[in-house]
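Q: Okay, here's what each chain looks like letter by letter:
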Amino acid sequence: MNELKIVGPLTNDDVADVRRFVEKVHQRHVQSIDDVSRVSMTAHELLDNAIKFSVDGSATLNIAIESNNVHITTRNRARSTDVDGLKKIADGLKASPDPMVYYLELMGRGDVRGGLGLGRVAAEGEMDLELTLDGDVVEVHARSILVKPQ
Amino acid sequence: MGTLSTISRQDGDAVLLVCSGSAESESADALHRALETTHTTAVEGSARTVIADLRGLEFAASSCLKVFVSWLQRVQKLETAARYKVVFRSTPQYSWQRRSLGALAAFAGDIVEIRAEASS
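Chains as they are written, first to last, in this note's numbering: chain A, 1 to 150; chain B, 1001 to 1120.
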């Protein structure tokens, strides 16, 4: 298993650097360019949200690839009101038979702080999303199958 | 690849918008201003088409995709006679473009066309 762990505090200025780093690392371990793009885009959007909603500016990012499964996880401390909004979007995506339909619906709405990123991860990144809360720590977990295994 | 850079100019009966660099979350305001200028130029010059050349755009964060969506919504709200078509020029070099521009085309298929460069 390949595992990449980036521990904060990370700020907005770090997100692009982390995305490029993730892309570079996975170009060596993942065979499909499209898979690399899905993984780096997902890392970017989840980390961007994690920092945006973090109460202390700190977030962690973990990416694990085992055989043809990729798991991307972010953790941060957040306010319950922010988590409620994100949870609603994650639940909506899970309940929707086609994430792309829900993503297009999110595009048409102007009131979805952080939601378009989650929609993008699910629809464009073809990731299954899970959002869990432990105290004030929110964990967003994205999982997908790579088109071409390692 | 640096921060977002945009150039907008009239090109015959079309308006050309060239975006390059990287459209990170913090570039959303700059992108908004560039699209505002492009929209005004297109409407005032009665352009039939705006060509948004994204071939030099390494990445666009969802905050910037949201700015593109708002622009497309504005174009859709124009009277039919004033409405222009948006042509996105893309490259397979940046994989995100196929998926993200595909989503924008699904969102506003009545006004959006994607012209992808052939793979080399």
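None of these hints come from the bench; they were simulated from the model.
Do not rely on the hints blindly, as some may be mistaken.
[What the hints assert, rightly or not] Residues from chain B shown here face chain A by an in silico Cβ test under 10 Å; the list is partial:
| id | residue |
| --- | --- |
| 1 | THR1041 |
| 2 | SER1070 |
| 3 | ARG1099 |
| 4 | PHE1107 |
[As the list claims (entries may be wrong)] The following label-pair restraints were derived from C-beta to C-beta distances:
| id | chain 1 | residue 1 | chain 2 | residue 2 | range |
| --- | --- | --- | --- | --- | --- |
| 5 | A | SER58 | B | GLU1079 | 46 to 54 Å |
| 6 | A | ASN68 | B | SER1046 | 51 to 59 Å |
| 7 | A | THR132 | B | SER1046 | 50 to 58 Å |
| 8 | A | VAL101 | B | GLU1079 | 26 to 34 Å |
| 9 | A | ASN68 | B | GLY1056 | 31 to 39 Å |
| 10 | B | GLU1079 | A | GLY135 | 52 to 60 Å |
Predicted model only: the values in this text are computed from it and were never measured.
Every residue, glycine too, gets a C-beta built ideally from N, C-alpha and C.
Q: State for each hint whether it applies.
A: Here is how each hint holds up against the structure:
A least Cβ separation of about 25 Å between THR1041 of chain B and chain A goes past the 10 Å threshold, and the interface hint is therefore violated. The closest approach between the C-beta of SER1070 of chain B and any C-beta of chain A is roughly 8 Å, which is under the 10 Å cut-off, so the hint is satisfied. For the restraint placing ARG1099 of chain B at the interface with chain A, the shortest Cβ-Cβ distance is roughly 4 Å, inside the 10 Å limit, so the hint holds. The criterion of a C-beta within 10 Å of any C-beta in chain A is met by PHE1107 of chain B, whose closest approach is roughly 5 Å, and the hint holds.
For SER58 of chain A and GLU1079 of chain B, the hinted distance range of 46 to 54 Å is satisfied, since their beta carbons lie about 50 Å from each other. Checking the proposed 51 to 59 Å range against ASN68 of chain A and SER1046 of chain B shows it holds: the Cβ atoms sit about 53 Å from each other. As the Cβ distance of THR132 of chain A to SER1046 of chain B is approximately 53 Å, the hint placing it in 50 to 58 Å holds. Hint check: VAL101 of chain A to GLU1079 of chain B, Cβ distance near 29 Å, so the stated range 26 to 34 Å holds.
The hinted window of 31 to 39 Å between ASN68 of chain A and GLY1056 of chain B holds, with their beta carbons roughly 33 Å apart. For the pair GLU1079 of chain B and GLY135 of chain A, the supplied restraint of 52 to 60 Å holds, since their beta-carbon distance comes to about 54 Å.
The structure shown violates just one earlier hint, number 1.
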